[in-house]
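Engineer: Here's the letter readout for the chains.
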Amino acid sequence: MSENEKLFNGGVLTEARKGAIEPPKDLWERKKNGLVIIECPQRIPCNPCHTSCPTGAVKAFKDINDQPEIDYEKCTGCARCVAICPGLACFVVDLTWGGNDVALMKLPYEMLPLPEEGDTVDCLNRLGEAVAKGKIVKIAELMNDRTKVVQVEVPRSLVMNIRTIRVVK
Amino acid sequence: MRQTEVLVIGGGPAGLSAALEAASLGCDVTLVDSDLALGGQLIKQTHKFFGSKEERAGTRGFKISEMLLEELHGYKDKIKVHTNCTATGYYKEDGVISCVIGEEKYFRIQAKKIVMATGAQERLLPFPKNHLPGVYGAGAVQTLMNVYGVAPGEKVIMVGAGNIGLIVSYQLMQAGVEIAGIVEAMDKIGGYWVHAAKIRRMGVPIYLRHTIKEAIGDQIVKGAVIQEINDKFQPTGTEIKIDADIICMAVGLTPTCEILWQAGCKMIYVPQLCGHVAQRDMNMRTSHPDIWVAGDAAGIEEASAAMVEGRIAGVGVAKSLGHGNASEQAKRLEDYKGRIADLRGGEVGQKICQGLKVCTVNQWEV
Chain V
1 MSENEKLFNG GVLTEARKGA IEPPKDLWER KKNGLVIIEC PQRIPCNPCH TSCPTGAVKA
61 FKDINDQPEI DYEKCTGCAR CVAICPGLAC FVVDLTWGGN DVALMKLPYE MLPLPEEGDT
121 VDCLNRLGEA VAKGKIVKIA ELMNDRTKVV QVEVPRSLVM NIRTIRVVK
Chain B
1 MRQTEVLVIG GGPAGLSAAL EAASLGCDVT LVDSDLALGG QLIKQTHKFF GSKEERAGTR
61 GFKISEMLLE ELHGYKDKIK VHTNCTATGY YKEDGVISCV IGEEKYFRIQ AKKIVMATGA
121 QERLLPFPKN HLPGVYGAGA VQTLMNVYGV APGEKVIMVG AGNIGLIVSY QLMQAGVEIA
181 GIVEAMDKIG GYWVHAAKIR RMGVPIYLRH TIKEAIGDQI VKGAVIQEIN DKFQPTGTEI
241 KIDADIICMA VGLTPTCEIL WQAGCKMIYV PQLCGHVAQR DMNMRTSHPD IWVAGDAAGI
301 EEASAAMVEG RIAGVGVAKS LGHGNASEQA KRLEDYKGRI ADLRGGEVGQ KICQGLKVCT
361 VNQWEV
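Going down the list, the sequences are from chains V and B.
Per the working numbering, residue 1 is the first one in the first sequence, and the count goes up by one each step.
Per the working numbering, residue 1 is the first one in the second sequence, and the count goes up by one each step.
Not everything, but these chain V residues come out facing chain B in the computed CB check (under 8 Å):
1) Glu-39
2) Pro-41
3) Asn-47
4) Leu-124
By construction, these hints were calculated from the structure, which means they are not laboratory data.
Every value quoted in this text rests on a predicted model; they were computed, and no experiment measured them.
Where a beta carbon is used, it is the ideal one built from N, C-alpha and C, also for glycine.
Excised from the complex, chain V in its bound form (with noise of 0.2 Å):
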């Protein structure tokens, strides 16, 4: 068994596949508030992403347990899959905000401490190593369940490594 099926068989992206796909590239570059990236590449009964989308971009599912397919065009970043995902598969990614270095990630946070706006934290990529600091720039609760949606500035290099933050107190 090849190292990425083996770290794929732990839970680990290694590279796109079915459902675990990258946006295009000169959509994503000019699409203000950002496209979501969701990485669900196993078949499993589950739509939320799908249902909650406003816009129809998450398309319809022909079967439940297909891998989401997206419409890029009509993704506006709003990141309500971001919030309701039980998974918490599904990451926006705003590469119009800021400089031409930086990025804006909107990640899913469940854990405590949370952090606040303004926080500089470490950002982490799919095995949880610290690949940069990100700095928050907001939070909120998009579905009133508890599930917090993190705005975090983030090196623009690092946009398909990072997956999750972790706060420094």
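Chain V is fixed; fit chain B onto it per the hints.
Structural biologist: Relative to the frame of chain V, chain B by itself:
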């Protein structure tokens, strides 16, 4: 001797759903549950559920329990509830069920139809020193943490990377408890991939193809030795010593089915459903004409499936008692069966479907 039209044994997701469904079609129901509160395992589930809107996907498990209890309140004239009440036996001669409230107060109850929604029991692993305080089943850890608000310890070794092991690890981290690692005998996590991803990204290692060799400690758990195993599950690799004060076992569940055996239901061993289960027809009726089964007692599955199965059994029971009209029953059954087929359509559901093929009959011969 008490009498009831329908007796539902077990007030978890399957039993509550069965009772509600039967009552909504006009049955008089008695619901007994051995716990102090209804809701079964749902009350410990702080994570959001999968499924579709109909199964309340995106809603946390304990909230789903609250919704079911609210629905139950609407049927308080049709459903009589006994909590802290264990069904202890079935008497074949007259079909009477004996129950005990608390530890002393016995009563007997005779029902026209019975739905067995008794849930499951945890499996444990034998290994040296597994008697030490600090070795827990995942259910106990969840009860301590999510029902009573008590952190079981400071650092946990989780054994098993099925959905329970993954979810309880995540919940422990939410409670501020460190997860030293998750040990899994297979070469792939058994639970949903996304559940694993969300704890991997917080730095928790998952040791695939590893097993727990022994616990370390004299009076209490101080850690464990884990070891790599080959594809025949024989230990081969180097031993790894991990410090921890809790070893949490999440190595699977097995259906609780003693009363089904007592009642003489045809039982069959189905590994995909994690143990002995009753043979059943499409509406969850067992080989015993007056006994239905639903939820984990019918085979280990997700709570979302248990709720739909309970609904199917509820309609089945009502139908056999002549409650509700035929077209309404047919409509509901079609809806529920479509929904449960959807829930079982994924990667994890394939295994369930294989198992169900073995124990499901089209129709019992009259």
